[in-house]
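Protein chains in written order, with this note's numbering: chain X, 4 to 116; chain R, 3 to 118.
Hints in this document: simulated from the structure, not taken from any laboratory.
Even glycine gets a Cβ: it sits at the ideal position worked out from N, Cα and C.
Please note: incorrect hints may appear among the correct ones.
As the list claims (entries may be wrong) - Listed next, with one range per pair, are the computed distances between beta-carbon atoms:
1) Ser83(X) - Glu16(R): 43 to 51 Å
2) Thr78(R) - Ala20(X): 38 to 46 Å
3) Thr78(R) - Glu23(X): 38 to 46 Å
4) Gly18(R) - Ala4(X): 28 to 36 Å
What the hints assert, rightly or not - Covered stretches of chain R (chain X as the covering partner; in silico rule of three or more C-beta atoms under 8 Å from a C-beta of chain X):
5) 45 to 53
6) 81 to 90
What the hints assert, rightly or not - Derived lysine to aspartate or glutamate pairs resembling DMTMM-like cross-links, with alpha carbons at most 20 Å apart:
7) Lys59(R) - Asp26(R)
8) Lys52(X) - Glu67(X)
9) Lys13(R) - Asp26(R)
10) Lys52(X) - Glu23(X)
11) Lys64(X) - Asp26(R)
12) Lys61(X) - Asp26(R)
13) Lys52(X) - Glu106(R)
14) Lys64(X) - Glu91(X)
15) Lys99(R) - Asp26(R)
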Amino acid sequence: AQSVSQHNHHVILSEAASLELGCNYSYGGTVNLFWYVQYPGQHLQLLLKYFSGDPLVKGIKGFEAEFIKSKFSFNLRKPSVQWSDTAEYFCAVKSGGSYIPTFGRGTSLIVHP
Amino acid sequence: GAGVSQSPSNKVTEKGKDVELRCDPISGHTALYWYRQSLGQGLEFLIYFQGNSAPDKSGLPSDRFSAERTGGSVSTLTIQRTQQEDSAVYLCASSLKSGSANTEAFFGQGTRLTVV
Numbered sequence: 004a005q006s007v008s009q010h011n012h013h014v015i016l017s018e019a020a021s022l023e024l025g026c027n028y029s030y031g032g033t034v035n036l037f038w039y040v041q042y043p044g045q046h047l048q049l050l051l052k053y054f055s056g057d058p059l060v061k062g063i064k065g066f067e068a069e070f071i072k073s074k075f076s077f078n079l080r081k082p083s084v085q086w087s088d089t090a091e092y093f094c095a096v097k098s099g100g101s102y103i104p105t106f107g108r109g110t111s112l113i114v115h116p
Numbered sequence: 003g004a005g006v007s008q009s010p011s012n013k014v015t016e017k018g019k020d021v022e023l024r025c026d027p028i029s030g031h032t033a034l035y036w037y038r039q040s041l042g043q044g045l046e047f048l049i050y051f052q053g054n055s056a057p058d059k060s061g062l063p064s065d066r067f068s069a070e071r072t073g074g075s076v077s078t079l080t081i082q083r084t085q086q087e088d089s090a091v092y093l094c095a096s097s098l099k100s101g102s103a104n105t106e107a108f109f110g111q112g113t114r115l116t117v118v
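Just chain R, same shape as in the assembly (with noise of 0.2 Å):
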């Protein structure tokens, strides 16, 4: 597709259930990051990935987030045993590879969850 594109836009969950977010990038863009923006918050950073190294967690909140991107594409956010102060809008952005100059980030729609 033309942009980065994110599913579900919208899920409702009940506390302590597992979900699934998807991201599929902008095609040819080996970069890809999972942001995470609450009400009133700028974006919190949770996960990079380049090409086939090993990503980067260092922003993933707890033990119950997790993320992989299979074949260097499509990634899957998921968080386990979700919680209230989850709910939030989830990003996805992907870039060219981050050493070359043009390396702005471009962003999906997100996905907005609510734990209830």
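Chain X with its partners taken away, still in its complex shape (with noise of 0.2 Å):
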């Protein structure tokens, strides 16, 4: 079965500082990966995805992530995170023709002003 692993549960930053976010999955053929956002007492949303095509995927609010087959890796990274990006930060994968998303455990992100 796919597993996602999020190394990261608890991360927390000065605003203006570099993030990056891991996420490895376990399955080795085609996979489709998302990163969702859980701001606080708001409904999970989508910040970027991967299908195909450039393994550099550009999201909202300035994120990015880059899927490395190599590595099974899809970590989201942005350069200078702010206050409003305080939120639990979740990894999910959708493979091998699954239409499950397998979510990884999230990680969640303080932003001190």
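The two chains are supplied separately, each in an independent frame; assemble them into the complex guided by the hints.
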């Protein structure tokens, strides 16, 4: 079965710091990859997605992620975080023709002003 | 509506009682998912509906859990004889047909279930 690992469970940064959140998955075939964000008190919403093509994906609010097939990774990055980026971030993977996204445990990001 | 709607937003129930959670997906979305989010845990898949096909129930944790989707739209998740370990946020999501390229899931606000 597919598994998704997010190794950073809690991250605390100051504003303007750079961010990288790790995401690794176990399936070696064709994958669809997603990052979702959940702001405090709000529903999960899509940050960015990868289906095919350019492995460097740009998302909303200055986020980007890079699909590295050889490393089974899809890390999320942002060069300069803001206080408003404080949220829970989830990586998700659909693989091998499965219709069901598998989610990681999530990373809680706190950005201090 | 514009988004996925779930009701109630909060539910407190006594151990042993049955509860029903409702999900109204985005109009035109044929795929519907239920997930459970426990404190400090990721999203645990429960059940998936696609159109009129038989649902994928592989994530349901016990036979106390069931779900139905009437008319290919609204879905109800039922938990019978609730236990304290059922306390969690239950999330519903919908998407366009999963076989197409643009298949990200859109989530509702969730129902926070507390079993006392």
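Hint check:
no., hint, verdict
1, Ser83(X) - Glu16(R): 43 to 51 Å, "holds, 49 Å"
2, Thr78(R) - Ala20(X): 38 to 46 Å, "holds, 45 Å"
3, Thr78(R) - Glu23(X): 38 to 46 Å, "holds, 41 Å"
4, Gly18(R) - Ala4(X): 28 to 36 Å, "holds, 32 Å"
5, 45 to 53, "holds (count 4)"
6, 81 to 90, "violated (count 0)"
7, Lys59(R) - Asp26(R), "holds, 19 Å"
8, Lys52(X) - Glu67(X), "holds, 9 Å"
9, Lys13(R) - Asp26(R), "holds, 17 Å"
10, Lys52(X) - Glu23(X), "holds, 16 Å"
11, Lys64(X) - Asp26(R), "violated, 28 Å"
12, Lys61(X) - Asp26(R), "violated, 30 Å"
13, Lys52(X) - Glu106(R), "holds, 8 Å"
14, Lys64(X) - Glu91(X), "holds, 15 Å"
15, Lys99(R) - Asp26(R), "holds, 16 Å"
Figure legend: structure checked against the earlier numbered hints; hints not met, in rising order: 6, 11, 12.
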